[in-house]
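Student: Given next are the chains, with one letter for each unit.
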Amino acid sequence: MTSHGLPRWADVGLLPLINILAAVIVSGVLIWVIGENPFEAMAVMFNGAFVYSGGFGYTLYYTTNFIFTGLAVAVAFHAAMFNIGGEGQAYIGGLGAGLAVLMADSFLPGFLLIPFAVAFAALFGAAWAFIPGYLQATRGSHIVITTIMFNFIAASVMVGLLSGPMMREGQGSPETRIFEPNGHMPYMHEMLGWIGIEVARSPLNLSLVIALAAAVLVWFIIWRTRFGYAARTFGHSPGAAEYAGINTTWLIIAVLALSGALAGMMASNAVLGEPHKIVVNFTSGYGFTGIAVALMGRNHPVGIILASLLFGALFQGGTELDFEFQTITRETVQVVQGLIILFSGALAYMFAPMLARILFMITPEREPA
Amino acid sequence: MAKNKKKDGASAPSLALSLSGISKSFGPVHANRDVALDVHKGSIHGIIGENGAGKSTLMNILYGLYSADAGQIAIDGKPVRIASSSDAIAHGIGMVHQHFMLVKTFTVLENVMLGAEKGFQLDSSVEATRAQLKKMGDEYGLSVDPDTLISDLPVGLQQRVEILKALRGANILILDEPTGVLTPQETQGLFEILRALRDEGTTILFITHKLHEIMALTDRVSVMRQGEMVAHRETAKTDMEELAQLMVGRKVLLQVERTKVEAGEPVLQVRDLEYVDAAGVKRVDGLSFDVRAGELLSVAGVAGNGQTELLYMLSGILAPTGGSIEIGGAKVTADNPVDAAHMRDLGVSHVPEDRHNRGLVLPFDAKENSILGHHNDRELGGLLFDRAAIAERATRQVTEFDVRPPNIDLRAAQFSGGNQQKLVLAREIDAAPSLLLIGQPTRGVDIGAIEFIYSRLMEMRAAGCAILLVSVELEEVMSLSDRILVMMDGRQIGIVDRDAADENMLGLMMAGVSSEKAA
Numbered sequence: 014m015t016s017h018g019l020p021r022w023a024d025v026g027l028l029p030l031i032n033i034l035a036a037v038i039v040s041g042v043l044i045w046v047i048g049e050n051p052f053e054a055m056a057v058m059f060n061g062a063f064v065y066s067g068g069f070g071y072t073l074y075y076t077t078n079f080i081f082t083g084l085a086v087a088v089a090f091h092a093a094m095f096n097i098g099g100e101g102q103a104y105i106g107g108l109g110a111g112l113a114v115l116m117a118d119s120f121l122p123g124f125l126l127i128p129f130a131v132a133f134a135a136l137f138g139a140a141w142a143f144i145p146g147y148l149q150a151t152r153g154s155h156i157v158i159t160t161i162m163f164n165f166i167a168a169s170v171m172v173g174l175l176s177g178p179m180m181r182e183g184q185g186s187p188e189t190r191i192f193e194p195n196g197h198m199p200y201m202h203e204m205l206g207w208i209g210i211e212v213a214r215s216p217l218n219l220s221l222v223i224a225l226a227a228a229v230l231v232w233f234i235i236w237r238t239r240f241g242y243a244a245r246t247f248g249h250s251p252g253a254a255e256y257a258g259i260n261t262t263w264l265i266i267a268v269l270a271l272s273g274a275l276a277g278m279m280a281s282n283a284v285l286g287e288p289h290k291i292v293v294n295f296t297s298g299y300g301f302t303g304i305a306v307a308l309m310g311r312n313h314p315v316g317i318i319l320a321s322l323l324f325g326a327l328f329q330g331g332t333e334l335d336f337e338f339q340t341i342t343r344e345t346v347q348v349v350q351g352l353i354i355l356f357s358g359a360l361a362y363m364f365a366p367m368l369a370r371i372l373f374m375i376t377p378e379r380e381p382a
Numbered sequence: 006m007a008k009n010k011k012k013d014g015a016s017a018p019s020l021a022l023s024l025s026g027i028s029k030s031f032g033p034v035h036a037n038r039d040v041a042l043d044v045h046k047g048s049i050h051g052i053i054g055e056n057g058a059g060k061s062t063l064m065n066i067l068y069g070l071y072s073a074d075a076g077q078i079a080i081d082g083k084p085v086r087i088a089s090s091s092d093a094i095a096h097g098i099g100m101v102h103q104h105f106m107l108v109k110t111f112t113v114l115e116n117v118m119l120g121a122e123k124g125f126q127l128d129s130s131v132e133a134t135r136a137q138l139k140k141m142g143d144e145y146g147l148s149v150d151p152d153t154l155i156s157d158l159p160v161g162l163q164q165r166v167e168i169l170k171a172l173r174g175a176n177i178l179i180l181d182e183p184t185g186v187l188t189p190q191e192t193q194g195l196f197e198i199l200r201a202l203r204d205e206g207t208t209i210l211f212i213t214h215k216l217h218e219i220m221a222l223t224d225r226v227s228v229m230r231q232g233e234m235v236a237h238r239e240t241a242k243t244d245m246e247e248l249a250q251l252m253v254g255r256k257v258l259l260q261v262e263r264t265k266v267e268a269g270e271p272v273l274q275v276r277d278l279e280y281v282d283a284a285g286v287k288r289v290d291g292l293s294f295d296v297r298a299g300e301l302l303s304v305a306g307v308a309g310n311g312q313t314e315l316l317y318m319l320s321g322i323l324a325p326t327g328g329s330i331e332i333g334g335a336k337v338t339a340d341n342p343v344d345a346a347h348m349r350d351l352g353v354s355h356v357p358e359d360r361h362n363r364g365l366v367l368p369f370d371a372k373e374n375s376i377l378g379h380h381n382d383r384e385l386g387g388l389l390f391d392r393a394a395i396a397e398r399a400t401r402q403v404t405e406f407d408v409r410p411p412n413i414d415l416r417a418a419q420f421s422g423g424n425q426q427k428l429v430l431a432r433e434i435d436a437a438p439s440l441l442l443i444g445q446p447t448r449g450v451d452i453g454a455i456e457f458i459y460s461r462l463m464e465m466r467a468a469g470c471a472i473l474l475v476s477v478e479l480e481e482v483m484s485l486s487d488r489i490l491v492m493m494d495g496r497q498i499g500i501v502d503r504d505a506a507d508e509n510m511l512g513l514m515m516a517g518v519s520s521e522k523a524a
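Those protein sequence lines, which keep their order, are chains A and B.
Residues 14 to 382, numbered by this note's numbering, are exactly what the first sequence covers, in order.
Residues 6 to 524, numbered by this note's numbering, are exactly what the second sequence covers, in order.
Think of the hints as simulated: they come from the structure by calculation, not from any bench.
Careful: at least some of the hints might be erroneous.
What the hints assert, rightly or not - Residues of chain B clear of chain A, computed beta-carbon distances all greater than 12 Å:
#1 Ala-79
#2 Glu-122
#3 Leu-147
#4 Leu-154
#5 Arg-200
#6 Asp-204
#7 Arg-238
#8 Ser-320
#9 His-355
#10 Ser-439
As the list claims (entries may be wrong) - Each computed SDA-like pair below joins lysine to any residue, with the alpha-carbon atoms no more than 20 Å apart:
#11 B/Lys-372 / A/Phe-233
#12 B/Lys-372 / A/Ile-371
#13 B/Lys-372 / A/Phe-129
#14 B/Lys-215 / B/Glu-233
#15 B/Lys-372 / B/Ala-437
#16 B/Lys-372 / A/Trp-232
#17 B/Lys-83 / B/Ile-94
#18 B/Lys-372 / A/Ile-234
#19 B/Lys-215 / B/Gly-499
#20 B/Lys-287 / B/Ser-156
#21 B/Lys-215 / B/Gly-161
#22 B/Lys-46 / B/Phe-196
#23 B/Lys-287 / B/Gly-499
#24 B/Lys-215 / B/His-102
#25 B/Lys-140 / B/Leu-172
#26 B/Lys-372 / A/Arg-245
#27 B/Lys-372 / A/Thr-238
#28 B/Lys-372 / A/Phe-240
#29 B/Lys-215 / B/Phe-196
What you are looking at is a predicted structure, and each value in this text was computed from that prediction instead of being measured.
Every residue gets a Cβ at the ideal spot worked out from N, C-alpha and C, and that includes glycine.
With these hints in hand, go ahead and build the complete structure from the sequences.
Tutor: Here you go:
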């Protein structure tokens with residue numbers, strides 16, 4: 014039983030489905046009010062995300078971003094810390110990845126340059142999260158405040174760099190030069206092509222595999238290591254952590270650094286994978302959406318992968334929706350995405366009491382233990 | 006009491022309150038099952054039962070905090086429906102909770118007025134409340150200065166404010182375990198007030214798990230066990246043995262078998278120990294004592310007089326601000342603090358007072374709880390945990406301490422209070438400590454588990470472990486200790502040998518009277 018009186022399968026399986034259904038219904042009403050057929054719109058979204066040529070590739074490309082940022086939020090959450098700085102950490106992670114490639118793509122071969130750049134992305138993300146972590150651990154500055162402020166600082170720093178010292182020469186837009194090919198994360202369609210599988214071109218790249226590996230690694234760290242044990246102890250009960258002699262100062266800093274590293278690694282997809290340069294605002298809200306992903310995925314790597322897939326499909330299908338319908342604009346699509354976040358994030362447990370009552374009525378009476 | 010009985014004989018007793026068929030389940034747990042209760046007007050009615058017997062649930066139903074699954078409530082013979090605490094108040098029911106629900110930064114008057122303000126401006130309510138407080142003070146001796154801040158009042162007076170608040174328009178007063186935080190003298194004061202209230206016609210429901218309070222105070226008593234009402238008695242026609250048997254359903258012996266143990270070398274030496282908290286308040290003030298191998302030293306005192314801070318310093322959770330602690334060859338001082346992990350390495354085990362927030366991680370299963378504080382042990386694996394080793398350790402602890410159910414995959418929150426305590430105790434004793442710190446070992450623990458815990462403590466003592474016990478239960482202190490240290494306001498009032506002490510003397514010492522005078 015969970016705290017909401019739901020059996021675990023209903024909490025992690027049924028409830029999210031009901032939440033999505035509720036969001037879909039409200040979105041459908043919205044689209045109907047605009048004057049379009051909600052079923053048609055839904056078909057367009059679905060086809061755009063899964064069926065059209067390259068569509069699924071795009072879906073998985075976005076999924077990759079969400080896995081990284083979702084894991085980042087989840088790791089911190091297990092230690093009861095709310096890292097809402099994923100956006101900034103990913104942004105600075107992009108700076109790290111970009112700097113590594115810009116410095117070394119003239120002489121390092123790809124198989125060395127790519128790991129080097131990914132490591133830099135993680136390191137920069139970790140460093141950006143380290144500062145709020147250090148302030149929280151030693152000065153008690155609340156990370157909800159500091160991490161969100163660090164998002165703004167990151168944004169300003171990046172605009173300053175991209176429109177200044179890092180700007181591509183002879184160009185007027187705030188972005189770096191395009192990386193040399195040895196600094197490109199290999200595309201999935203290329204790699205599958207080498208082994209004889211033909212798939213449509215899409216920005217999907219090796220980062221998805223890195224993201225999935227990161228998910229496995231996070232699972233191990235959280236549930237199979239001393240560090241994860243200490244983090245969860247602190248997350249559930251700071252008093253018990255103190256009693257157990259866990260060094261909470263160090264723990265807070267380490268957990269946030271790990272969280273920041275995961276967010277920073279998003280750059281391996283959104284910078285190294287495509288578009289092969291640092292563009293201003295390349296994080297476009299993935300860091301924030303990671304919060305909803307983690308909430309919906311119940312902070313479990315498997316849940317996060319599934320939730321990331323949903324949000325990936327929403328992003329990609331939403332783009333199609335924007336294309337296909339005159340009346341449905343980009344903003345409408347964002348409203349739909351917002352509804353999903355609202356129902357599966359903020360209102361995640363709205364239907365839980367009702368569901369618990371229904372389940373209680375339909376399950377046969379069991380002998381009391 | 007005699008007066009009441011005569012009244013009953015003369016006419017049909019008028020019932021202030023009548024409950025019938027009350028049932029309440031939390032998931033598969035029946036907290037109350039078909040409970041019936043009749044309370045005579047103007048009497049003190051005790052409800053006794055072990056922790057988890059369903060007393061608090063029943064009172065929360067009566068006060069509208071829970072809704073019953075089934076059953077009826079009648080007040081003064083009229084059926085009523087109580088869906089919220091405001092319904093309960095409207096029907097003249099007041100409740101004093103186990104944990105005070107006072108705004109500490111408000112004055113007495115503001116707290117008593119809270120929830121009864123009339124209108125947008127407070128002037129008239131303030132005057133009305135002031136007049137009411139004066140009246141209560143005059144009539145029942147329930148006097149408290151209305152303009153003092155709650156945070157400046159001692160616990161006994163804070164409780165008095167709770168009572169004043171609950172009495173606002175109430176003629177049925179519920180008190181849930183009201184004596185847990187009081188000194189024996191304060192308890193006597195409370196009893197006098199309750200008797201005065203009864204004599205003025207207030208009906209009082211007194212919830213407790215302490216038998217002697219039932220005997221000392223109540224006119225009638227109802228016994229609850231495992232969610233059911235098992236007996237109703239007139240207090241004058243029953244005795245402690247019968248009530249104890251009814252509570253647990255079998256005969257229990259609370260006498261602890263103490264073998265004679267020759268105390269050995271001092272294991273723990275505390276000198277001039279001080280702790281000043283962040284707010285600058287001296288919580289522990291100049292303690293000096295030894296605990297020797299094979300000796301059990303109790304620290305007695307009313308809760309909140311520095312015992313918690315003492316335990317925390319000895320276990321490494323807090324660093325002392327003055328004085329020294331010598332244990333296992335190490336000397337801990339303000340300049341040389343030692344953390345909780347290091348204290349464990351020095352041979353200190355700690356069963357904390359607050360097992361829910363310290364000793365256990367409630368959402369963790371028994372396996373994970375079995376290594377809390379020991380998760381860095383080399384035998385539990387290298388980079389990754391050796392899960393088999395953890396399961397083995399948990400199984401050993403659960404088996405040795407007869408934890409029920411013996412299922413190491415259950416979360417700590419799913420065990421009863423007594424079994425949770427056994428989980429903590431098992432882990433701490435499993436570490437083979439040279440010094441065992443143990444705080445309130447039987448708080449919220451049923452009698453069966455208490456016996457078990459006592460006998461394990463005596464085994465540890467016989468095996469040469471030094472034990473420091475902090476307890477607010479004088480009976481516990483009297484039956485387990487070799488020596489008793491009494492604390493008040495962080496100070497050491499005195500250390501007495503058990504054989505030279507009695508409850509009255511300890512009570513006086515807990516109120517600050519030195520041991521010579523108290524004796």
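Student: Just to be careful, I want the Cα atoms of B/Lys-215 and B/His-102 compared with a cutoff of 20 Å; is the pair within it?
Tutor: holds (17 Å)
Student: Are all C-beta atoms of chain A more than 12 Å from that of B/Ala-79?
Tutor: holds (29 Å)
Student: CA of B/Lys-372 to CA of A/Ile-371, is that 20 Å or under?
Tutor: violated (33 Å)
Student: Say whether it holds or is violated: B/Ser-320 keeps its Cβ farther than 12 Å from all Cβ of chain A.
Tutor: violated (7 Å)
Student: Do the alpha carbons of B/Lys-46 and B/Phe-196 lie within 20 Å of each other, as the hint requires?
Tutor: holds (18 Å)
Student: Between B/Lys-215 and B/Phe-196, does the CA-CA distance stay at or below 20 Å?
Tutor: Status holds; Cα separation ~14 Å.
Student: Is B/Ser-439 truly not at the interface, in the sense that its beta carbon sits beyond 12 Å from all beta carbons of chain A?
Tutor: Fine: 17 Å to the nearest Cβ keeps B/Ser-439 off the interface.
Student: Next pair to validate is B/Lys-372 with A/Trp-232; report whether the Cα-Cα distance is within 20 Å.
Tutor: holds (18 Å)
Student: Tell me if the straight-line CA distance from B/Lys-83 to B/Ile-94 falls inside 20 Å.
Tutor: holds (16 Å)
Student: Is the nearest Cβ of chain A still more than 12 Å from the Cβ of B/Asp-204?
Tutor: holds (44 Å)
Student: Holds or violated: are the alpha carbons of B/Lys-215 and B/Glu-233 at most 20 Å from each other?
Tutor: Holds: B/Lys-215 and B/Glu-233 sit about 18 Å apart, inside 20 Å.
Student: Against the 20 Å threshold, does the CA-CA distance of B/Lys-215 and B/Gly-161 hold or violate the hint?
Tutor: holds (18 Å)
In terms of the numbered hints stated before, the structure departs from hints 8, 9, 12, 13 and 19, listed from lowest to highest.
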